[in-house]
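Engineer: In order, the protein sequences belong to chains G and U. Under full-length UniProt numbering, read the first sequence as residues 1 to 427, first letter to last. Under full-length UniProt numbering, read the second sequence as residues 1 to 280, first letter to last.
Check before you lean on any hint, since a few could be wrong.
Pairs of lysine to aspartate or glutamate, DMTMM-like flavour, derived with a Cα cap of 20 angstroms [unchecked claim]:
1) U/89 <-> G/313
2) U/89 <-> G/235
3) U/95 <-> U/44
4) G/322 <-> G/391
5) U/172 <-> G/424
6) G/111 <-> G/95
7) U/164 <-> U/107
8) G/322 <-> U/83
9) G/305 <-> U/83
Calculated from the structure, these hints are not laboratory results.
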Amino acid sequence: MSTHNTDKIKAKLKKRYAKERRFRAYGIASLAISFLFLLTLMVNIFSTGLPAFQQSYIKLDIHIDAEVLGVTKASDREALFSANYSKLVKGTLKEMFPDAKTRKEKRARNKLVSNSASYDLRDHVIENPELIGTTQSFWFLAKDDVDVYMKGKIDRNLPEDDRRIKDFQLTWIDQLQEEGRLEKRFNTTFFTSGDSREPEQAGIKGALIGSLLTMLVTMALSFPIGVLAAVYLEEFAPQNNRWVDIIEININNLAAVPSIVFGLLGLAVFIALFGVPRSAPLVGGLVLTLMTLPTIIIASRAAIKSVPPSIREAALGLGASKVQTTFGHVVPLAMPGILTGSIIGMAQALGETAPLLMIGMVAFVADVPQGILDPATVMPVQIYLWSDSPERAFTERTSAAIMVLLAFLVVMNFIAVMLRKKFERKW
Amino acid sequence: MTEAMTHNIENRDEFNVEINGTVGKPLIDDPKFTTRNVDVHYGDKQAIFGVDLDVGKNEVLAMIGPSGCGKSTYLRCLNRMNDTIPICKVTGDFKLDGEDIYAKNQDPVLLRSRVGIVFQKPNPFPKSIYDNVAYGARLHGLTSNRAELDDLVEKSLIRAGLFKEVKDDLHKPGTGLSGGQQQRLCIARTIAVDPEVILMDEPTSALDPIATALIEELMIELSGKYTIAIVTHSMQQAARVSSRTAYFHMGKLVEVNDTDSVFTNPEHQLTENYITGRFG
Numbered sequence: 001m002s003t004h005n006t007d008k009i010k011a012k013l014k015k016r017y018a019k020e021r022r023f024r025a026y027g028i029a030s031l032a033i034s035f036l037f038l039l040t041l042m043v044n045i046f047s048t049g050l051p052a053f054q055q056s057y058i059k060l061d062i063h064i065d066a067e068v069l070g071v072t073k074a075s076d077r078e079a080l081f082s083a084n085y086s087k088l089v090k091g092t093l094k095e096m097f098p099d100a101k102t103r104k105e106k107r108a109r110n111k112l113v114s115n116s117a118s119y120d121l122r123d124h125v126i127e128n129p130e131l132i133g134t135t136q137s138f139w140f141l142a143k144d145d146v147d148v149y150m151k152g153k154i155d156r157n158l159p160e161d162d163r164r165i166k167d168f169q170l171t172w173i174d175q176l177q178e179e180g181r182l183e184k185r186f187n188t189t190f191f192t193s194g195d196s197r198e199p200e201q202a203g204i205k206g207a208l209i210g211s212l213l214t215m216l217v218t219m220a221l222s223f224p225i226g227v228l229a230a231v232y233l234e235e236f237a238p239q240n241n242r243w244v245d246i247i248e249i250n251i252n253n254l255a256a257v258p259s260i261v262f263g264l265l266g267l268a269v270f271i272a273l274f275g276v277p278r279s280a281p282l283v284g285g286l287v288l289t290l291m292t293l294p295t296i297i298i299a300s301r302a303a304i305k306s307v308p309p310s311i312r313e314a315a316l317g318l319g320a321s322k323v324q325t326t327f328g329h330v331v332p333l334a335m336p337g338i339l340t341g342s343i344i345g346m347a348q349a350l351g352e353t354a355p356l357l358m359i360g361m362v363a364f365v366a367d368v369p370q371g372i373l374d375p376a377t378v379m380p381v382q383i384y385l386w387s388d389s390p391e392r393a394f395t396e397r398t399s400a401a402i403m404v405l406l407a408f409l410v411v412m413n414f415i416a417v418m419l420r421k422k423f424e425r426k427w
Numbered sequence: 001m002t003e004a005m006t007h008n009i010e011n012r013d014e015f016n017v018e019i020n021g022t023v024g025k026p027l028i029d030d031p032k033f034t035t036r037n038v039d040v041h042y043g044d045k046q047a048i049f050g051v052d053l054d055v056g057k058n059e060v061l062a063m064i065g066p067s068g069c070g071k072s073t074y075l076r077c078l079n080r081m082n083d084t085i086p087i088c089k090v091t092g093d094f095k096l097d098g099e100d101i102y103a104k105n106q107d108p109v110l111l112r113s114r115v116g117i118v119f120q121k122p123n124p125f126p127k128s129i130y131d132n133v134a135y136g137a138r139l140h141g142l143t144s145n146r147a148e149l150d151d152l153v154e155k156s157l158i159r160a161g162l163f164k165e166v167k168d169d170l171h172k173p174g175t176g177l178s179g180g181q182q183q184r185l186c187i188a189r190t191i192a193v194d195p196e197v198i199l200m201d202e203p204t205s206a207l208d209p210i211a212t213a214l215i216e217e218l219m220i221e222l223s224g225k226y227t228i229a230i231v232t233h234s235m236q237q238a239a240r241v242s243s244r245t246a247y248f249h250m251g252k253l254v255e256v257n258d259t260d261s262v263f264t265n266p267e268h269q270l271t272e273n274y275i276t277g278r279f280g
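With the rest of the complex left out, here is chain U (with noise of 0.2 angstroms):
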């Protein structure tokens, strides 16, 4: 038993199947976003290998798989956030309504708006309630006035389910609130910005049962206007929110179905004793 618990994940049979290219249906008809032979590398170490895949319009994409895998540092390509980090090198085409987002030409700002993120963590600014949500409207010049601002704010905090709560508080700190309530004003502050897509990284893994149930409830009301691609560790999070669901293993794509045929009929052996718990 204990032998058993000791020793390495990586040294296991389940974990060491071999990959030959991505099962399932990673590319779709009508995508948002298109990413092909994307490669990943920190320093000397490569994160990510050759992975194809599309994100289709309007839809929740889950990506799961074990620590390591390299599903966050894909999400955080898809807005270039990879990018702050000096030693980390991304290849490949990634291509959003068809436009190159690795072009020379293109903004990482600009691309940053039409492309939101909601982090691990929840990480409000230590500003008021108000000020957290107003700040990428002010940044970007969304509204002409006071009037439209305070509008767009409260819009935002009713969508993230989050106003009712705070109406009386907007100008109290947004870090005095709860953990649940601080990522609901992390996604009311990103859809406050009306992005195209939002990436969402394991936003509920610092949250409680409860919390999180209110944040996965959000997302599949959201899926409905945004095009949503979430990195969650739990599969159960994967099977209620998500429509696809993409499994990485080792920084490779190991396969990409609806979630429903992932979860009861997966493809590939990895996917497979991921999903029923042999490892992970």
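Chain G on its own, in the form it takes in the complex (with noise of 0.2 angstroms):
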């Protein structure tokens, strides 16, 4: 009775076979496709940033000579202050290299070492004056050019003229490492202290701060207020009434707007119209979290509506109140929903540059922020800002600066999605 369709369908089966398995190759080729491009793009952050984690130090033996600081151990602190310790650094300099003869030679003598030594062992004196009158052995920072140098981008061998390092800074340089006195060691400047002009003394500290600061701004604000006004217009809003109608439109529409416009508004509204100061992680803060609350809406929304009603009557039937319901139930089991959202909300926001141009975060910030109240810049700023700068060195230190990045963005996104875990639960 049935061979007749039996046939039928024994035809057409070798086909819908065969259809699966090509969809299934498109999907494994699309798949390795996309995980080609990662895979390049990492290797090339990683093999371009990972040198950035270590930095040359170049070793000096200083005689902290009291006539040439002109103070004594009981000099003020004023006085340690204001001293001349660059001259006791150029001086020790001098000694070592006494060939260089011509200004030239003299001035690249002197840029061997940052311009950091000086402060360095200005704090040095300050906090122990016991040592003006010793001779004290320090590491301080090499200059980016010896940094580069040594590791292995410069090539000596080419001409003369086509190399940053010319032919007498590289004896120099020889003649530091014969004598053991330049290394390279982890780079803690890189974490500890903020942007710099010097690429030497540049750090992400500064940014790491000023993006975290942001974050907890947008965060504190976007998330209960898109929680909130997702519940509201899902659980209590009145249906098919023409105001929820409109405001459903437009925050649909905010989800599209480009990000920049909202940097303008910021600009227009928080810091011309409330006098938020500019540059800061609060204004930063309230533009990131215009441009979020329309994600963690909308996902909010989607995990709301996919609670089973089932639940609703539950508790509604037991006599629980409609807030009780919503706060008790609802909301918990929409929560991994709801979380996913966020974190795509805040990841967006983490990354985002635009917006925060228009209200001054891109300025030059040394500084690490202290509060939200400080002028700060954020990560992808930084990043822009480094990639931007001439000196051969920031290159290393833009990428080094992106890894920093995704890992601030890898940690959010464990902790979110370890709390959603907690949330999730067995139906």
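Two chains, each in its own frame: build the complex with the hints.
Structural biologist: Below you can see the structure in the form of structure tokens.
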């Protein structure tokens, strides 16, 4: 009775399986392609950025001469602070490399160590004035050109005119290396200081703290506002009401507004109208909140909608009020979805540069921000600023900053995933 | 044969018999619930037409009828669950112990603590068995300390006939139980609030025969203490557990009588057609 149909089905079956196999192959191919792109990106960033976690240091034996400094062990803090330490450093270098004759060579000699050397020396002396009159060994940051050479990025076989490090500098570097006075160490400066015009002194800490504070402001505002807005629209708002429809349409449209427009809005409203300090994480957070809200609201509404109505009925049937039902059952059950939406929103906000340009967070900020009202910059902006700098040593720092940004993102997402796991329940 | 199967039920003669008011005894002496002139609209569509019906104290009233006849809608009017559906409009007089439950000053939250409901699909909260049963008591502040709450949870589970099976797993999730156990958990959760009336909306339609039998026994036991109104698709179930049966058809209440007379000697042609299986 069924043979007739069986033949028909059999004839078609082969085609159907072939289609299925083809579709699976497409899937694997697209996965492989995206993985390849990711791998290329990662390899590129890591290979460029990893050297930035090392930094060359130069050891100088400095005789802390009271006469040159014009101070004594008994001098007060202010005198110690304003003494001429760079003269000491330059003097030491002059003794070590007396062969520099021309003006150009002399200047190059002074630029073997970073200009932070004199500040380091000053800090040591202020901390312990007993050092005055003694000879001490200090490790100072090497200047970026020396550092770049040490990392093998300057080929000494090139004609002299084509390299930034000239022959006479090379002999000094060789001499330092022979004496064991030049070595690469872990680059703590990169993690402990803010931005600087000098690559060897530039660090990510300012931008990292700036991003952290901005994200905290964004999170503290956008999460509760977004979730409550979604809860109200889903659970409490009158349905088929014209005003509610208008609000819904506007929220959906806001999600598609280019982010720089939010920056302009922030400039006009938060800074010009309300007088929030420019460049501060507070105003950055406010602008990013505006940008993140639609994402969180839309995702939260979808999550709330997917909570089965039977749970609402169960709670209402036992005499729970609407608010008790919503916050006791619906929101906790929607929480995994809400958190997923929030992660996406926050990750977008973390990587955002354009709106922050409008509110002054693109400024050069050397100090690490202490609070949400201090001028600050954020990591993507820092990456942009460094990538724009001409010094060779900033190239690797750009990639290193990208690595720190990615690590920040991973940590943030990890926390969110852990939270989501906590809320996930079996049905 | 195939033609008859594909034939729409609403075009059949057995289905289309005229209804002129309710026959039998819809009204009784000393009722728990009285409902008069009940109309329910979903938007433009009318789901219930002028139903007058009483529910007696400590009786089990079964409501039967083909799908879409309005019996569940009527049941959900009794504790104002229909309030949660925005397009649903309920009119008519509903009195619980003589008190208008749709009065302006009537609090639906308070009403639902007096009139509990058990749904078709078991819907325990994704919490522990203990927390499921304790939920209502905690909500309404029925117990003053932990020992009292423990006691209430145990008593409710015993009364729902579930305690023996779960007494060692009180802190495991209620959603991990079998379907029948989940439904008894929902019943335990409802009786923990100690309502006066329990509404049951096809409570066994998702369960196997053994679980169904357990729940039916439970209903008969509970009827000693509570007034129960049950909607069911199973005429056998109605015959087994109820003392009165109401037959709904197309939003109208056709016949109400003692269960025995409805099943042995129906007064209305539609009732007879339905219980003898000519449609439905």
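Engineer: Looking back at the numbered hints, which does the structure fail to meet, lowest number first?
Structural biologist: The structure breaks hints 3, 4, 7; every other hint is satisfied.
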